[in-house]
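Trainee: These are the residues of each chain, in order.
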Amino acid sequence: MPGEKNVLIAALPQRGKLPPAVYELISAGKAAAAATGGAVSAVVFGAKAQDFARDLGARGVEKVHAVSDAALDQFVGEAYASAVAALAKQEGVGVVLIAASVAGRSLAARLAVLLKAGVAAEICELSGSGGNLSAKRYQYGGNIVAELAFKSDVKILTVQPMAFEAAAAQAGQSAQVVPFAAPAASARTEVASFKADEGGEIDLGAAERIVSGGRGLGNAEGFKLIRELAQTLGAAVGASRAVVDAGWIAYKHQVGLTGRTVHPKLYVACGISGQIQHLAGMASSANIVAVNTDAACPMMEIATLAVVGDVYEVLPAVISEIKRRRGASA
Amino acid sequence: MPLNIVVCVKHTPATTSVSVDSGTGKVKTAGLSYGLNPFDEYAVEEAVRLKERVPGSFATALTLGPDAAEAAPREAISRGIDAGAIVTGPEFDGGDSYATSLALAAAIKKLHAQKPVHLVLFGKNTNDGNSGMVGGLVAAWLDWPGVLSVKKIEAVDESSAAVWRAMEDGVETVKVKLPAAISTIKEINEPRLPSLKGKMVAKKAAVAKFSAADLGLKPEEVGAAGAKTSVSRQSPPPSRPAGMKVEGATAADKAKKLVDILIERKLI
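Chains A and B, in that order, are what the protein sequence lines are.
So for the first sequence, the working numbering puts the first residue at 1; every next one is plus one.
So for the second sequence, the working numbering puts the first residue at 1001; every next one is plus one.
Hint data in this document are derived by calculation from the structure and do not stem from the laboratory.
Here the structure is a predicted model, which means the values were calculated and not measured.
Warning: the hint list may mix true and false statements.
Once the Cα atoms are required to be at most 30 angstroms apart in a straight line, the calculated DSS-like pairs of lysine-lysine come out as [stated by the list, open to error]: (1) A:K89 - B:K1245; (2) B:K1175 - B:K1199; (3) A:K195 - B:K1177; (4) A:K48 - A:K5; (5) B:K1152 - A:K17; (6) A:K48 - A:K17; (7) A:K48 - A:K136; (8) B:K1051 - B:K1151; (9) B:K1026 - A:K136; (10) A:K265 - B:K1256; (11) B:K1209 - B:K1199; (12) B:K1110 - B:K1204; (13) A:K195 - B:K1245; (14) B:K1257 - B:K1209; (15) A:K323 - B:K1028; (16) B:K1028 - B:K1110; (17) A:K17 - B:K1245; (18) B:K1199 - B:K1051; (19) A:K224 - B:K1151; (20) A:K195 - A:K136; (21) A:K116 - A:K151; (22) B:K1115 - A:K323; (23) B:K1203 - B:K1175; (24) A:K195 - B:K1266; (25) B:K1204 - B:K1109; (26) A:K224 - B:K1257; (27) B:K1175 - A:K17; (28) A:K48 - B:K1218; (29) B:K1028 - A:K17; (30) A:K30 - B:K1175; (31) B:K1204 - A:K151; (32) B:K1151 - A:K195; (33) A:K323 - B:K1256; (34) B:K1209 - A:K136.
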């Protein structure tokens, strides 16, 4: 359906920074704009809005609207939604792209009602031409790919992390930065406090590499080895449902239907047989390495690289091999 | 003061291993066995726990779907919820999260007018559509605050709640004015199984029915007519390219070979 053509990236900050998923929205935005024939702009929020605008400009966004309001350093759905809705109406926006984070999904819902817009949630691909836009997303816990079409003039898409390339900064690129005054919104939620996850851990959703452990580790101690390999690779730590339920590791590490869906470049599955509920969360990873004693288990069958062996023998050998190579090249 | 709680539930296929009808390009749902969406079990359990925490509280399980979907609120009743309601009628067929949430919000408004609602609880998402949007959309339609990804309801009274919101990088304590909509995650509790007594009660319970007309909704606002998105095609995910076995006499040999390939493919 024809309508407004322009594409708006809602670049939500988290703890005073732009999360990497925002840079992926720039690539998604360019793909959307190619379909609609419109221009891409972004909106940034909070006390550091000017810094965020420069960052996005260097990464190829030509126009950035800066809502420089320190009250927006915390995510408050209603305030963000009324600002984005007002801006979308002012700028002739037909497509709004938001990272599929907790905050992003909250914003998408508010915005859909304000703009009478359809939402395609957690999309992994988008295409279209002549003003039409279609998006692909997973259903049935990753077992089905659905292609969605829109019937609304304004289309809202939340984008899965790691589904699009992050736009890199390039010399000579910069944005026109335009201040935008957000309309007043009632604040009925307030973030009273925040407790960060234990230091240095990489978030699963945004990780390029993930090392995951399953029941094959035998006990909770096995995650020491998983963490060591993860640290060596600069990877996030994942886990199967069985070991989370057994209390070996916290729920936030769970990959799968009842945990997180991930699409890293490299997923290393250690002692994970690959029950359907786990595969649902990771089978779209670009490359899968499986280490398992059972050569015929589902994870080994879908793996890009399958290593038959005991994790307690293979993983230490891999860690020392990587360290040896790094030592040799240093 | 006692709380009035609504839990939104969905009747969904009991499995996610579904196949696609090559003729229609859609998932074959005929013949699948259905049950309470597994993620909704956490929302139902949390409502029951709130009833235990705040004596005198009342909880209603609300769903939208065909007649058979009333099995979902019934299952909730067997787990300790007090009453059930279903938004049903052919006019609701083919709705997306936008149209479905509008109808659920209209039903909640009706319940709210009968007796003020304090909290609406949701599961994280459904195991079929997976969008996880309906909870946030219902909050928006009601113009009530909404909090997603809640792992604990720390404190609650009739006018406000303090909840723990699991973010990507840690946990926020969010203070929210009621009425509000809260979407739960798995960490919030461990659902109990239905009791035998609960099952008996559920069997006999009356489940209230709402049509579009009952809720003051026009046919063009709901179902496929009111939807803003449509699924043009469903398909199995692309099959993965064939993999290879990393061979070697010892773990060290295999490790060497694996690291070689990972470096060559620029994966590490």
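Trainee: Taking the hints in turn, state whether each one holds.
Mentor: Taking the hints in turn, this is what the structure says about them:
| no. | hint | verdict |
| --- | --- | --- |
| 1 | A:K89 - B:K1245 | violated (55 angstroms) |
| 2 | B:K1175 - B:K1199 | violated (36 angstroms) |
| 3 | A:K195 - B:K1177 | holds (22 angstroms) |
| 4 | A:K48 - A:K5 | holds (29 angstroms) |
| 5 | B:K1152 - A:K17 | holds (26 angstroms) |
| 6 | A:K48 - A:K17 | holds (8 angstroms) |
| 7 | A:K48 - A:K136 | violated (33 angstroms) |
| 8 | B:K1051 - B:K1151 | holds (18 angstroms) |
| 9 | B:K1026 - A:K136 | holds (14 angstroms) |
| 10 | A:K265 - B:K1256 | holds (20 angstroms) |
| 11 | B:K1209 - B:K1199 | holds (20 angstroms) |
| 12 | B:K1110 - B:K1204 | holds (24 angstroms) |
| 13 | A:K195 - B:K1245 | violated (43 angstroms) |
| 14 | B:K1257 - B:K1209 | violated (64 angstroms) |
| 15 | A:K323 - B:K1028 | violated (50 angstroms) |
| 16 | B:K1028 - B:K1110 | violated (35 angstroms) |
| 17 | A:K17 - B:K1245 | violated (42 angstroms) |
| 18 | B:K1199 - B:K1051 | holds (18 angstroms) |
| 19 | A:K224 - B:K1151 | holds (26 angstroms) |
| 20 | A:K195 - A:K136 | violated (35 angstroms) |
| 21 | A:K116 - A:K151 | holds (11 angstroms) |
| 22 | B:K1115 - A:K323 | violated (66 angstroms) |
| 23 | B:K1203 - B:K1175 | violated (38 angstroms) |
| 24 | A:K195 - B:K1266 | violated (35 angstroms) |
| 25 | B:K1204 - B:K1109 | holds (26 angstroms) |
| 26 | A:K224 - B:K1257 | holds (24 angstroms) |
| 27 | B:K1175 - A:K17 | holds (23 angstroms) |
| 28 | A:K48 - B:K1218 | violated (45 angstroms) |
| 29 | B:K1028 - A:K17 | violated (44 angstroms) |
| 30 | A:K30 - B:K1175 | violated (38 angstroms) |
| 31 | B:K1204 - A:K151 | violated (42 angstroms) |
| 32 | B:K1151 - A:K195 | holds (13 angstroms) |
| 33 | A:K323 - B:K1256 | holds (11 angstroms) |
| 34 | B:K1209 - A:K136 | violated (35 angstroms) |
Checked against the numbered hints given earlier, this structure breaks hints 1, 2, 7, 13, 14, 15, 16, 17, 20, 22, 23, 24, 28, 29, 30, 31, 34; the rest are met.
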